[in-house]
Amino acid sequence: MAFFSVFQPVLAVVLGLAIGLAFTRFAGESPLHVLEVLYQSAFGSAYDFGMTLFHATPLVFTGLSVAVAFHSGLFNIGAEGQLLFGALAAAVVGRALPGLPPYIAPLVAVTAAFGAGAFWGAIPGWLRARRGSHEVINTIMFNFIAAGLTSWLVLEPLRNPETQNPETAPIAAGYQVAAWPVFDGAPVGPALVLALLSAAAVWFFLERTSLGFEVRAVGQSEKAAKTAGIDAGHIRILAMALAGGLAGLVAVGEVLGNAGRFKVGFSPDYGFMGIAVALLARNHPIGILFAALLFGALHKGAMDLDLETENVTRDLALVLQACVILSVSADGLWSWFKRKALSPRGGK
Amino acid sequence: MEESTFMQSLPAQLLASTLRLASPLLLAAMGGLLSERSGVINIALEGFMLMGAFAGAVATHQFQDPWMGMVAGMGVGGAFAALYGFFAIQLKANQIVAGTAMNFLAAGLTPFFCKILFDVSGSTPTLPIDIRFGSEPIWGAWVILGLLAFVWSRTPVGTWTRFAGEHPQALDAAGLSVNRIRWATVVASGVLAAMAGVTLSVCLSSSFARSMTAGRGFMALAAVIFGKWKPIPTALACLLFGLLDALQMRMQGVQIGGVGVPVQFIQVLPYVATVIVLAGFIGRARAPRSLGLPFEKV
Numbered sequence: 001m002a003f004f005s006v007f008q009p010v011l012a013v014v015l016g017l018a019i020g021l022a023f024t025r026f027a028g029e030s031p032l033h034v035l036e037v038l039y040q041s042a043f044g045s046a047y048d049f050g051m052t053l054f055h056a057t058p059l060v061f062t063g064l065s066v067a068v069a070f071h072s073g074l075f076n077i078g079a080e081g082q083l084l085f086g087a088l089a090a091a092v093v094g095r096a097l098p099g100l101p102p103y104i105a106p107l108v109a110v111t112a113a114f115g116a117g118a119f120w121g122a123i124p125g126w127l128r129a130r131r132g133s134h135e136v137i138n139t140i141m142f143n144f145i146a147a148g149l150t151s152w153l154v155l156e157p158l159r160n161p162e163t164q165n166p167e168t169a170p171i172a173a174g175y176q177v178a179a180w181p182v183f184d185g186a187p188v189g190p191a192l193v194l195a196l197l198s199a200a201a202v203w204f205f206l207e208r209t210s211l212g213f214e215v216r217a218v219g220q221s222e223k224a225a226k227t228a229g230i231d232a233g234h235i236r237i238l239a240m241a242l243a244g245g246l247a248g249l250v251a252v253g254e255v256l257g258n259a260g261r262f263k264v265g266f267s268p269d270y271g272f273m274g275i276a277v278a279l280l281a282r283n284h285p286i287g288i289l290f291a292a293l294l295f296g297a298l299h300k301g302a303m304d305l306d307l308e309t310e311n312v313t314r315d316l317a318l319v320l321q322a323c324v325i326l327s328v329s330a331d332g333l334w335s336w337f338k339r340k341a342l343s344p345r346g347g348k
Numbered sequence: 001m002e003e004s005t006f007m008q009s010l011p012a013q014l015l016a017s018t019l020r021l022a023s024p025l026l027l028a029a030m031g032g033l034l035s036e037r038s039g040v041i042n043i044a045l046e047g048f049m050l051m052g053a054f055a056g057a058v059a060t061h062q063f064q065d066p067w068m069g070m071v072a073g074m075g076v077g078g079a080f081a082a083l084y085g086f087f088a089i090q091l092k093a094n095q096i097v098a099g100t101a102m103n104f105l106a107a108g109l110t111p112f113f114c115k116i117l118f119d120v121s122g123s124t125p126t127l128p129i130d131i132r133f134g135s136e137p138i139w140g141a142w143v144i145l146g147l148l149a150f151v152w153s154r155t156p157v158g159t160w161t162r163f164a165g166e167h168p169q170a171l172d173a174a175g176l177s178v179n180r181i182r183w184a185t186v187v188a189s190g191v192l193a194a195m196a197g198v199t200l201s202v203c204l205s206s207s208f209a210r211s212m213t214a215g216r217g218f219m220a221l222a223a224v225i226f227g228k229w230k231p232i233p234t235a236l237a238c239l240l241f242g243l244l245d246a247l248q249m250r251m252q253g254v255q256i257g258g259v260g261v262p263v264q265f266i267q268v269l270p271y272v273a274t275v276i277v278l279a280g281f282i283g284r285a286r287a288p289r290s291l292g293l294p295f296e297k298v
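Quick mapping for you: the protein sequence lines, in order, are chains C and A.
Per the numbering used here, the first sequence starts with residue 1, numbered consecutively.
Per the numbering used here, the second sequence starts with residue 1, numbered consecutively.
Only chain A is shown next, with the shape it has when bound in the complex (with noise of 0.2 Å):
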């Protein structure tokens, strides 16, 4: 490639790819920070992409449609995380060692009915073009960003999640069920998250592809904590990871001055940015007070 033309596409293209990989990070996380903002940790969001990945790409190869895709993603992923609630909530399973169950059961669930349905487990049918999502996924996300925001500082049902996770037994006390919020904020957290999973299969690439999410999942964790649990600074933390991960892609082979770029030193700032505000050496980040703890009435 000419060095002119590298330098003059690279803005505009640069910034179309950070929205293209930002949105499924933006999905994802938001499930990640509703349910830990309701007191359960969610190291699963890996499973719940990776199964909504897999479904959204199977219902849009059957019905030959993305949106049937999309629907059945996000049912797949809600009743996937309703498994992780059940054992994290009502079962009091420890919520790390029970996410940590659910990802291994996604990885091997979804090449398990891969071979079942198409007879190979690495990936699902190419799916065509036209029987693929355009940009409906990457301004979606935004648009329930903004939804979201708006529940979550206008609505009693944000002051009941923060509760849930901060101080529990208040919620509890004025007759209102940690539990039941709890539950619906992890299936809630399942379906974005599948739909950051049918945004990787069914728009960002052409099929589903074994482990495809590639610890998309994690990083989504990684923008909920770098944005200090709360909806506006994690949404620009996954921009700023999303424009590393387009960095990283457009520097993948290019030179600068006879020597290679180390790409996976690109790759690792976001966990490196992560660990750096999580230790309070860029203000205070602070978990839910109740992160991790299963409700018990006193």
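Extracted from the complex, chain C is given alone in its bound form (with noise of 0.2 Å):
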């Protein structure tokens, strides 16, 4: 039922929200007006627009990231290890080399953040094609493995002397892409952009490319695809390097759009929150810039609780995805709701 696909979500999502909200009476707040805090927060004005639209783009990146690796049938846990890596390519080409001119300058360091996620995506997508071990254990050491290695880099050879931050120094100010004015000073811009665009390129690759569909079949069925003479290894390694690229792109609104530098621990789980984006989405590129933006809204409207209630902190954030998540992914639930509400004879 075309009906109940969106519907679904939909209905997952408030009933998440209003299980999530319902905690706050414990902290002796109204769940409504935390409600309105968080709306405030997140829409309230154009800077707060802005901001929640700042935290929705790497989501774009990572929802699309999750969605293309599990179309092959992969999961991929391993954005947030993927994001390292292209903030860090950004970084050090940023630093690397500042001759080039403005235009320029942005897209060498936007296909160096592309392929250092590319690659540090293609290793685990190597590993199941080739060596057989599972790609969800082995994304999740490989976040562990890419956070060791992009904060010693960035603690010792690319350390910014300037100061006692866990920093790199500055990127080259031809590399930096400015915000647009209509935010108020939100780091809102070109990243917003290319995070539209790849939306639109990753459905036109899955629904309209014949690699595309190549990636659709294996992810449907490894034997099938293979009859058909489909290699799904190498379709796989494919689709995990396209994950991991799309990943490292968080790089253009973090590195070149607002810090101007790598900063550790600069993302709040990024990468997990990909997770839910797609599935929320349910692997839909163009759905994923909705979820995008609802988890992004999430995370930005909680900041302001500290300051507009009582007893609530911005932790409720992670409270309210988790909610959401666990009302999305509760698959018995929604095919007994579709049996017993939404068929004419009342189940059975």
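Just so you know, these hints were derived from the structure itself, not from any lab.
A quick note: this is a predicted structure, and the numbers were derived from the prediction, not measured.
Hints are not guaranteed to be accurate.
[Said to hold, decoys possible] Here are the in silico distance ranges between beta carbons for each label pair: (1) Trp67/A <-> Asn165/C: 39 to 45 Å; (2) Arg154/A <-> Lys223/C: 37 to 43 Å; (3) Ala173/C <-> Gln255/A: 32 to 38 Å; (4) Arg216/C <-> Phe63/A: 54 to 60 Å; (5) Gln252/A <-> Ala96/C: 27 to 33 Å; (6) Asp331/C <-> Asp65/A: 38 to 44 Å; (7) Phe7/C <-> Thr126/A: 48 to 54 Å; (8) Pro156/A <-> Leu11/C: 40 to 46 Å; (9) Lys340/C <-> Gly134/A: 54 to 60 Å.
C-beta: ideal position from N, C-alpha, C; glycine also.
Put the two chains together into one complex, using the hints given.
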């Protein structure tokens, strides 16, 4: 039922948010008041909305990353590590080649970020395709390895000598992409366009190209794909490289558009949130835009809770996100609901 | 520090801190092993640990008794794991997605309740040393390992668990409930991981702190895989990872030949080793056949 496929995520989100907000009763707050604070803080002004978009942008990339891998039948839990590699590559290029002309420079950095992410994604893809080891475990391991390697690189050879903060020295001016003034100083700029274009490109790739068709074929039935003469291993390595590259593009908003450098710990688990975003959107590239906006809004919205409420902190964002994920993921609940409520004979 | 005393005291101190750091890993890994072998993926160990660490610290503070903390931690950990079981087993949610959500939930709920109880979201009040555990959880972990290894290889419970993960249809045909066994192992994994968390907050440190598990749940999961989903090799993996953890702490700020030791390289070794083992470069590591698949009656 086409109607149900849109209706169910919406219903699940409402249910998840209601349950999550009910927790605020423990803190002696009115859930409706908390909801209002969330809404105001996420959408209340041009700046607030800009910050929501700023947090939603990386989630588009990580959501697409998870979705592309999922279409090939793989679970990419590694977007977190892949985005760290992408961000590091952008920061390194931005230091190493300061003389590049503007317009060319950001393109080079974007390419480097995509390439580094793709490299980090392709390894678990290769391990799965050629060594048969499970990508879920490997991508989790690769997150930790990436966190260790990037933090060493940032703390030792690439450290910013000007400060005690764990960050690289700033990238050259030609690499920095300017924020649009409409958002009153929120760092929203070309990265948002790139995110929208990426979603469209992923949709086009999956639905309109023969390679994309092969990716989906492998995801639906490895055996059938092999019978049709598709090299499933090859396709999966490619899908994981693409997934890693997409996650690497998080660098554009963060390194080129915001911090101008790699800061250790800049990502509040964008990679893991990408799993939720892809799930909520059922791995549809355009749905991912909306899901990312929701999760970005929850993240930004919760930031003002510390000030605007007595006892609720921004940590509520995690609770709300968890409740939404659980509510969306409860397959058994929704198939029961579909049978009971939506079938004309009321079940059986 | 003098070079000579540094070298002399090193082996004994290193052994002691290895055992201390290995014990939470061991407890959580036993939990992970049980649930994974029964067919339920468990990337939520991290969240179970965090809930246990928080509840343990709160109850210890409240009752001024670490054993009350342990009991409370185990209860909360078990209940939290039951919620995961409800989604993973009953509602057939994707186990990786639900596990991720449980980790988010634990990371959010612990500071949320901390703020309500103590008006700070960062950490619980410091527990004085006389109401903290001494070495009980350290050797307790090994006693539990012994019990588990016995149950695993000498009782039908171990066989049932293995069948639930390898060949659930056979277990079902024998008249046993696959889902009941999976429920039991998932709740047990929550209890064990929570014990690991209580060990962190009431033994190895003196309070609960935000995100204090710092990836140890995932490291315990890595130990299960490094140990090829078998109890004794998993325990050895925990020892090895504990040793590496002790080493990297020891090496923080230490200079050898005027160059700092890159401790991050030691920190990532457990994960690198796990990738290598899983890729089959050292023997074969095979996951339980029905891992991650909800049980459907045929």
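Status of the hints after comparison with the structure:
Between Trp67/A and Asn165/C the Cβ separation comes to about 43 Å, which falls inside the hinted range of 39 to 45 Å. A beta carbon spacing of about 40 Å between Arg154/A and Lys223/C agrees with the range 37 to 43 Å that was offered as a hint. Look at Ala173/C against Gln255/A: about 37 Å separates their beta carbons, and that is inside 32 to 38 Å. As the Cβ distance of Arg216/C to Phe63/A is approximately 57 Å, the hint placing it in 54 to 60 Å holds.
The beta-carbon spacing between Gln252/A and Ala96/C, approximately 29 Å, falls within the hinted interval of 27 to 33 Å. A beta carbon spacing of about 43 Å between Asp331/C and Asp65/A agrees with the range 38 to 44 Å that was offered as a hint. A beta carbon spacing of about 51 Å between Phe7/C and Thr126/A agrees with the range 48 to 54 Å that was offered as a hint. The hinted range of 40 to 46 Å is satisfied by Pro156/A and Leu11/C, whose Cβ atoms lie roughly 44 Å apart.
At roughly 55 Å, the beta carbons of Lys340/C and Gly134/A sit within the given window of 54 to 60 Å.
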